[in-house]
Amino acid sequence: MPGSALSVKKVKRRPRLAGVSKRHLLIPLLTLAVVVIADQLTKLYALGRLIEGQPWQVLGTFFQLKLIFNKGGALGTDFGSGIFYLVSSLLILLIVIYFIYINRHNLLISLPMAAVAGGAVGNIIDRIRFGKVVDFLDFDFFDINMFGLHFDRWWVFNIADASITIGVIILLIFLLFLNQTEPAVRPETDRNNDEIPKDFTQ
Numbered sequence: 001m002p003g004s005a006l007s008v009k010k011v012k013r014r015p016r017l018a019g020v021s022k023r024h025l026l027i028p029l030l031t032l033a034v035v036v037i038a039d040q041l042t043k044l045y046a047l048g049r050l051i052e053g054q055p056w057q058v059l060g061t062f063f064q065l066k067l068i069f070n071k072g073g074a075l076g077t078d079f080g081s082g083i084f085y086l087v088s089s090l091l092i093l094l095i096v097i098y099f100i101y102i103n104r105h106n107l108l109i110s111l112p113m114a115a116v117a118g119g120a121v122g123n124i125i126d127r128i129r130f131g132k133v134v135d136f137l138d139f140d141f142f143d144i145n146m147f148g149l150h151f152d153r154w155w156v157f158n159i160a161d162a163s164i165t166i167g168v169i170i171l172l173i174f175l176l177f178l179n180q181t182e183p184a185v186r187p188e189t190d191r192n193n194d195e196i197p198k199d200f201t202q
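Last residue of the sequence shown: 202 in my numbering, with the numbers rising by one and none dropped.
In case anyone wonders, no lab produced these hints; they're calculated from the structure.
Please read these numbers as outputs of a predicted model, since none were measured by experiment.
Even for Gly, the Cβ is constructed at its ideal location relative to N, Cα and C.
Computed Cβ-Cβ distance ranges for the label pairs, DEER-style:
| hint | residue 1 | residue 2 | range |
| --- | --- | --- | --- |
| 1 | G60 | L26 | 39 to 49 angstroms |
| 2 | F141 | Q54 | 13 to 23 angstroms |
| 3 | A162 | K132 | 11 to 21 angstroms |
| 4 | L59 | H105 | 38 to 48 angstroms |
| 5 | V87 | F62 | 29 to 39 angstroms |
Using the sequences provided together with the hints, build the complete structure.
Okay, structure coming up:
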């Protein structure tokens with residue numbers, strides 16, 4: 001009935017999921033791309049300027065550049081051939097990309113995961129090109145004693161490794177501490193009820 005309180009115009013809802021998804025995925029994808037580009041450019045510099053196994057001191061022995069080729073995994077682990085690490089890295093990358101997508105609306109989750117994915121891509125490129133990973137950053141923070149092992153210096157690493165480590169740390173901080181303090185999101189049905197005209201509730 002025209003003029004009646006019950007005459008509510010039907011508003012056509014346009015699907016906005018694709019547009020929203022693209023906008024929310026843009027920043028994580030840019031983060032991933034920046035990590036990969038920075039990682040590969042610094043590795044090109046190391047390959048062109050450094051001699052394998054010979055350190056180049058930047059800040060004395062505290063920080064030096066030393067080119068090595070790592071056939072194993074992170075932290076000097078060795079669980080098999082290079083094919084094993086390549087396949088496992090690809091599987092982990094697919095899982096991380098999936099979690100980036102399903103958490104695309106939460107940058108506190110998608111951004112650190114994008115950093116992890118970017119680091120994984122950087123090292124995967126190395127394994128495809130060389131069959132091993134290019135490492136060149138050598139720090140001497142403090143001696144490492146763990147699991148009965150002793151190391152005088154940290155493991156030599158690269159930008160990809162650093163990005164993965166930082167991403168994991170930020171993600172753990174969010175999941176363990178920040179996520180518990182976030183206010184609960186109101187269900188969509190509750191928000192829709194607020195938009196119902198008062199005449200409907202009488």
